[in-house]
Amino acid sequence: MLKTEELQINIGPQHPSTHGVFRMLVTVDGETLVDLKPVFGYLHRNHEQLGEVNTYLQNMPFTDRLDYFNSMVNNHAYARTIETLAGVEVPERAQYIRVIMDELSRILNHATAMGFMLGDMGAWQTALLWGMREREKILDMFEYVSGARMMCNYCRFGGVVRDIDDWFITELKKLMQGLPHYFDDFEGLLLNSEILLARARNIGVLPKDLALAYSVTGPVLRGSGVAYDIRKAEPYAVYDRFKFKVPVGTVGDVYDRFLVRIAEMRESYKILEQALEQLPDATGGFINPKVKQQSLKAPAGEAYARVESPKGELGFYVVSDGTGSAYRYKVRAPSFINLSALADMCKGYTIADVVVILGSIDIVMGEVDR
Amino acid sequence: MTLSHLATEDVFVVERNDADFRAGQGMTKGLGIVFRKFRKALFGKPNSDRADTEGQFNVQYPEERLAMPEAYRNMPILLYDDATGHELCTSCFQCERICPPQVIHITQAKDPATGKPVPAAAKFVLEYDTCMSCGYCAEVCPFDAIKMDHDFELSTANHPELDVDYNRLLRPVSYYETIAPTMWSDVKEQAMKKLQNNIKRRPGDIGRDHGQKIKGGAPVAAAATPAAGAAPAAGAAKPRGPVAAIGKNMSEDKTAKLLAIRAANAAKRGGGAADAAPVAQAAPVAEAVAAAPAAASAAPTGPVAAIGQNMSEDKRAKLEAIRAAKRAERGE
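Top line first, the protein sequences correspond to chains A and B.
Residue numbers for the first sequence, in the numbering used here: 1 to 370.
Residue numbers for the second sequence, in the numbering used here: 1001 to 1332.
Hints listed in this document are in silico derivations from the structure and should not be mistaken for laboratory results.
Since the model is a prediction, treat every value here as computed from it, not as a measurement.
Worth double-checking, as some hints may not be accurate.
Below, computed lysine-lysine pairings styled on DSSO-like, alpha-carbon distance capped at 27 Å [what the hints assert, rightly or not]:
(1) B:Lys1037 to A:Lys174
(2) B:Lys1110 to A:Lys174
(3) A:Lys290 to B:Lys1037
(4) A:Lys232 to A:Lys173
(5) A:Lys174 to B:Lys1188
(6) B:Lys1037 to A:Lys173
(7) B:Lys1110 to B:Lys1123
(8) A:Lys173 to B:Lys1188
(9) B:Lys1045 to A:Lys173
With beta-carbon atoms standing in for the labels, derived distance ranges [to be verified]:
(10) A:Ala213 to B:His1159: 45 to 51 Å
(11) B:Pro1181 to A:Gly285: 20 to 26 Å
(12) B:Pro1062 to A:Gln8: 43 to 49 Å
(13) B:Ala1264 to A:Trp167: 23 to 29 Å
(14) A:Gln8 to B:Leu1042: 45 to 51 Å
(15) B:Glu1161 to A:Thr27: 47 to 53 Å
(16) B:Gly1044 to A:Lys208: 32 to 38 Å
(17) B:Gly1044 to A:Lys347: 44 to 50 Å
Heads up, the beta-carbon is just placed ideally off N, CA and C, and yes, glycines get one too.
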């Protein structure tokens, strides 16, 4: 038999399929992957240190820049941490608005994440552009309420910065008329596509016990068959009032993660419907007027609050020494922790599968490096 | 697994469709959907309805632009009163303190006679290149002096230009009123009341000695321009008016085309104030464009004229000379 030599190559840091400045040091034997070392830090922005220098409010726009696809969710998670720390009450309407924004974020994130993954497979543009189209519609609405499309900076301690009005609700209902068509089209285009099946089925299998050992969360964990969703396991905001289901996979391969994300978009749609129905009127206000946003001081202590971000468990850990800024500030970023399982997911598959597996984890380097 | 606390009715297993695999069928179905979309995109009308998932969604920027929501925030600007020329800023340092990236730098004005601080800013520098557009400065300002602009076409090859000083930050209140009418009407009354109080504490020209609004050392006369004329005039004084920015690198006929599209759009929307102003302001450009084809028609006719449409005079002459030489060579 022919004796071949192992070869070490770099994929990235400047590579379109690494979804940012991320480097994979791979060892290949022929086309088969023997080892993979993820190397990151190219996008380090000192976020956690900045969080200890800034006041609590000043840090809010910086959280936008973590997972820049879902700044609304980041704001929500951060605001929830400081609210827990300082004991701030949030009006019900604000909770509903936050849920609406979170679920819209989830739809836009999954739509584009799946588009990008298919782009990595070679399904150039069609699937991605359909996702982008829906994302664009949602971003217009974010722009309307928050003033910015991606860097929303929308949440404040004890509420949100601006109330949603009739225009927003009308447009959201229109948007929701179109969404099921998009889901159907997307599924019809891809679900049984032989190319997708060949590239995704039984590729990048992450067994259940390994996923738990790596403390992987989000669609990656659910794709591996663990029914774990913070919205259900530890309902925050008003998530206990909605009826929705948690989709799980069976095998834990790329295809399962793909299916789980599509199913999650449909569940998010259900939550949106119920949230719009239950949305309280404006009498309760959209922000707690008692909170001094600019000079908020939290009592000494610590708090950890987490939300189910589209990528997994997003948590902020803040230690306060009683002053106006955090003593210690830590971000539990889902992309970063999900990425740690990459090497084990890739071993034994071909090098062409690596980009697909990476795409199926759905990482954002802004969150990985912080 | 014991990890899952979820009730079984809350969980469902996604369908993997393993049995459905038949070579070619799935792809044919997908291609059918793509073809349907493609047909709609080719023959459908452009649409902007959020409920639609078929048709044309493209916006031909920069010729076409989407309307911006009032809340849109890009870079901060400072406001001054049209009637008196007084700046609304009192240098209270609230924005400087809240600014997360710390890019606002204010120096308070002092009364030259007594040396005491006056509620006005002597210097105001904002680093546009480092600003993260969070909008906190506009949010905290108790005098509604700092607001977020809608102008996003700020690219420049000259980096130091992005340290914007007071003169270039100032916009008249009437300009802000055109970009965010309801947001301004909410705060207008109290902002103007506070300004009147501050004017009383400003000796001499302090608080209105910046910007182009009081050029020529006749502050009172220049500032007393009637409010009706103030809007377009101030727009012209603005360093980057929307039309100027777009037209900067554009050929004249493209500019004319763009203006026509905009005029049509404005007419369609019922001639909003925001649209009317730039069009009116661009009138001289339109005249210049109208004059250009006249000049072209005076030039030699035939194929040369067609080619030379966008050519300068000397280039056209040169081309003509080359052609004449070629003709002579061929012995015509």
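Cross-check of the supplied hints:
no., hint, verdict
1, B:Lys1037 to A:Lys174, "20 Å, holds"
2, B:Lys1110 to A:Lys174, "56 Å, violated"
3, A:Lys290 to B:Lys1037, "52 Å, violated"
4, A:Lys232 to A:Lys173, "26 Å, holds"
5, A:Lys174 to B:Lys1188, "34 Å, violated"
6, B:Lys1037 to A:Lys173, "23 Å, holds"
7, B:Lys1110 to B:Lys1123, "11 Å, holds"
8, A:Lys173 to B:Lys1188, "33 Å, violated"
9, B:Lys1045 to A:Lys173, "22 Å, holds"
10, A:Ala213 to B:His1159: 45 to 51 Å, "49 Å, holds"
11, B:Pro1181 to A:Gly285: 20 to 26 Å, "24 Å, holds"
12, B:Pro1062 to A:Gln8: 43 to 49 Å, "47 Å, holds"
13, B:Ala1264 to A:Trp167: 23 to 29 Å, "25 Å, holds"
14, A:Gln8 to B:Leu1042: 45 to 51 Å, "49 Å, holds"
15, B:Glu1161 to A:Thr27: 47 to 53 Å, "49 Å, holds"
16, B:Gly1044 to A:Lys208: 32 to 38 Å, "47 Å, violated"
17, B:Gly1044 to A:Lys347: 44 to 50 Å, "48 Å, holds"
When held up to the earlier numbered hints, the structure conflicts with 2, 3, 5, 8 and 16 and fits the remainder.
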